[in-house]
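Colleague: Kindly produce the complete structure, drawing on both the sequences and the hints.
Read top to bottom, the protein sequences are chains S and Y. Its first residue numbered 8, the first sequence is counted upward by one per residue in our numbering. Its first residue numbered 149, the second sequence is counted upward by one per residue in our numbering.
Treat the hints as calculated values from the structure; they're not laboratory data. Just so it is clear, the structure is predicted and the values come from calculations on it, not from any experiment. Note that the Cβ used here is the ideal one computed from N, Cα and C, for glycine as well. It is possible that some hints are incorrect.
As the list claims (entries may be wrong) - Label pairs and their computed distance ranges (CB to CB): (1) S/ALA90 x Y/THR184: 43 to 53 Å; (2) Y/PRO156 x S/ASP65: 25 to 35 Å; (3) Y/ARG152 x S/PRO207: 28 to 38 Å.
As the list claims (entries may be wrong) - Stretch-level coverage of chain Y by chain S, calculated; a stretch enters the list once three of its residues show a Cβ under 8 Å from a Cβ in chain S: (4) 152 to 160; (5) 163 to 169; (6) 175 to 183; (7) 189 to 199.
As the list claims (entries may be wrong) - Footprint (simulated), chain Y over chain S, 3 or more residues, beta carbon under 8 Å: (8) 32 to 40; (9) 97 to 105; (10) 129 to 143; (11) 235 to 241; (12) 272 to 280; (13) 297 to 309; (14) 338 to 350.
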Amino acid sequence: MVLQRASVVLVALGFIGFAFLMAGPRAGLLVMVGLGFGLVLEGLRFGFAGPWRMIVTDRDGRGVLAQLIAIALVAAVAFPLLAANPTELAPAHAPVGLAMILGAFVFGAAMQIVMGCGSGTLVNAGSGNLGGLLALLGFIAGSFAGTLHLGWWVGLGSLPVASLQGLFGANLGLVLTLAGLGLVGALTIFYAAPGKRLPPRRLWIAAALIAALALANLVIAGQPWGIVYGLGLWGAKLAQAGGADLAQTAFWVAPGNAERLASSVLTDVTSLTNIGLLIGAFAVMRWRASPGAQTQALTLGSYGGVVLAALVLGYSARMAFGCNVGAFFSGISTGSVHGWVWMIAAFAGSVMGIKLRAVVLRPVAPRGVAA
Amino acid sequence: MSARISRPMVGFLALLAIALILAVDLATSAPPDLFTAPPAFALGSGQAPGGAHCSGS
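Modeller: Have a look at this one:
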């Protein structure tokens with residue numbers, strides 16, 4: 008056990024040191040932030056897709072409330088920080104559009120089938136969930152595919168980028184954000200069953216830690232926490248290595264994206280935190296005396312369904328300008344109107360996805376039982 | 149199928165997948181230049197954020 012835990016520390020510190028030596032102090036710090044996310048998400052069982060399912064199926068609002076608390080904590084600090092440092096820090100603002108709303112709806116449905124959202128897929132893969140690993144591969148491919156058609160989707164119609172601080176100023180924008188989160192929280196508490204309303208101590212601590220890490224991400228990287236961009240970049244790197252000519256695609260010839268594609272992923276913010284997050288989840292799983300049982304075995308067709316749903320998950324996250332992290336968590340906490348629209352559309356999709364789960368996810372029949 | 153594949157084994161496969169992506173990246177991309185690496189913290193650096201985010205197009 009001591010040797011096993013020592014090896015976990017070695018893997019974590021080794022990658023921090025590798026990023027630091029290869030790409031500088033910011034890269035090392037961002038890996039540490041990602042590791043923190045992984046440790047908290049897996050260690051304290053803080054999630055996004057699961058609580059969105061539990062509020063519907065079990066009228067359990069504790070996880071949703073913890074999410075809202077974390078977002079509110081980030082917003083309370085991020086709004087004044089962004090207002091005071093507009094040239095050094097950037098918010099997660101994106102336009103509301105037809106494709107964005109459709110993408111968020113589809114993402115919400117797919118994340119219930121995949122059993123994980125943007126961050127959840129990385130956590131699941133790192134903590135040894137077989138479906139999570141398959142989903143991660145599908146997510147990478149899907150988020151890359153989404154970049155190839157993003158211009159067409161945006162062309163279907165979208166509004167100008169709108170933010171609450173842009174519309175009402177930083178102070179009133181923050182008040183409206185906190186009021187909006189409070190309203191959603193009140194509705195959650197009202198709908199939840201008795202005994203399933205207020206988060207337990209574990210989730211309060213997790214919410215505070217996630218908020219602190221998200222703010223560290225903002226201060227170190229100059230941008231909020233995100234997931235999908237890095238996964239799409241990995242897909243693009245692999246496609247290019249396989250001979251794909253991305254110079255013909257509008258997304259990857261855009262100056263910022265072309266620079267990311269030509270540079271090492273060790274210089275990409277979301278790649279660094281994503282890798283750290285996965286290693287953090289792996290570390291928690293290996294640190295435990297028992298790693299726990301593998302998730303219930305599914306039929307081969309169901310595993311195929313998980314990969315397909317993960318492809319859709321990645322693709323729709325690009326359409327929606329982010330996943331539960333980049334759009335919902337970081338969008339709302341930095342004042343983006345698209346974050347609120349994302350939440351409504353994705354929740355509606357999530358309700359549909361919960362119904363589809365039983366159709367797609369079919370467990371293998373126990374041995375000796377006729378099919 | 150998954151009953152025969154333990155969590156640690158899947159976790160190691162996930163790390164291996166990341167290592168493969170990094171290997172492909174290091175073999176095909178320009179290596180990072182430590183002399184042009186950004187300051188540790190964006191806040192207070194005086195520089196505009198240059199990273200890419202999911203909310204961008």
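Colleague: For every hint, state whether the structure bears it out.
Modeller: Right, here's what the structure says about each hint:
1. A hinted range of 43 to 53 Å is violated for the C-beta pair S/ALA90 and Y/THR184, which are about 30 Å apart.
2. Taken as a hint, the range 25 to 35 Å holds for the pair Y/PRO156 and S/ASP65, whose Cβ atoms sit roughly 31 Å apart.
3. Checked against the hint of 28 to 38 Å, the pair Y/ARG152 and S/PRO207 passes, with Cβ atoms roughly 35 Å apart.
4. Counting residues of the segment 152 to 160 of chain Y whose beta carbon lies closer than 8 Å to any beta carbon of chain S gives 7, which reaches the threshold of three, so the coverage claim holds.
5. Counting residues of the segment 163 to 169 of chain Y whose beta-carbon sits less than 8 Å from any beta-carbon of chain S gives 4, enough to reach three: the coverage restraint holds.
6. Counting residues of the segment 175 to 183 of chain Y whose beta carbon lies closer than 8 Å to any beta carbon of chain S gives 7, which meets the minimum of three for the stated coverage.
7. Coverage of the segment 189 to 199 of chain Y by chain S holds. Counting CB-CB distances below 8 Å, 11 residues qualify, and the rule asks for three or more.
8. With 4 residues having a Cβ less than 8 Å from any Cβ of chain Y, the segment 32 to 40 of chain S passes the three-residue criterion, so the hint holds.
9. Counting residues of the segment 97 to 105 of chain S whose C-beta sits closer than 8 Å to any C-beta of chain Y gives 4, which meets the bar of three, so the coverage hint holds.
10. Counting residues of the segment 129 to 143 of chain S whose CB lies closer than 8 Å to any CB of chain Y gives 10, which reaches the minimum of 3, so the coverage claim holds.
11. Counting residues of the segment 235 to 241 of chain S whose C-beta lies closer than 8 Å to any C-beta of chain Y gives 4; at least three are required, and the coverage claim holds.
12. Chain Y is given as covering the segment 272 to 280 of chain S, and this holds because 6 residues of the stretch bring a CB closer than 8 Å to a CB of that chain, at least three being needed.
13. Counting residues of the segment 297 to 309 of chain S whose CB falls under 8 Å from any CB of chain Y gives 9; the rule of at least 3 is met.
14. As drawn, the segment 338 to 350 of chain S meets chain Y at 3 residues by the rule of a beta-carbon pair under 8 Å; at three or more, the given contact holds.
In this structure, the one hint that does not hold is number 1.
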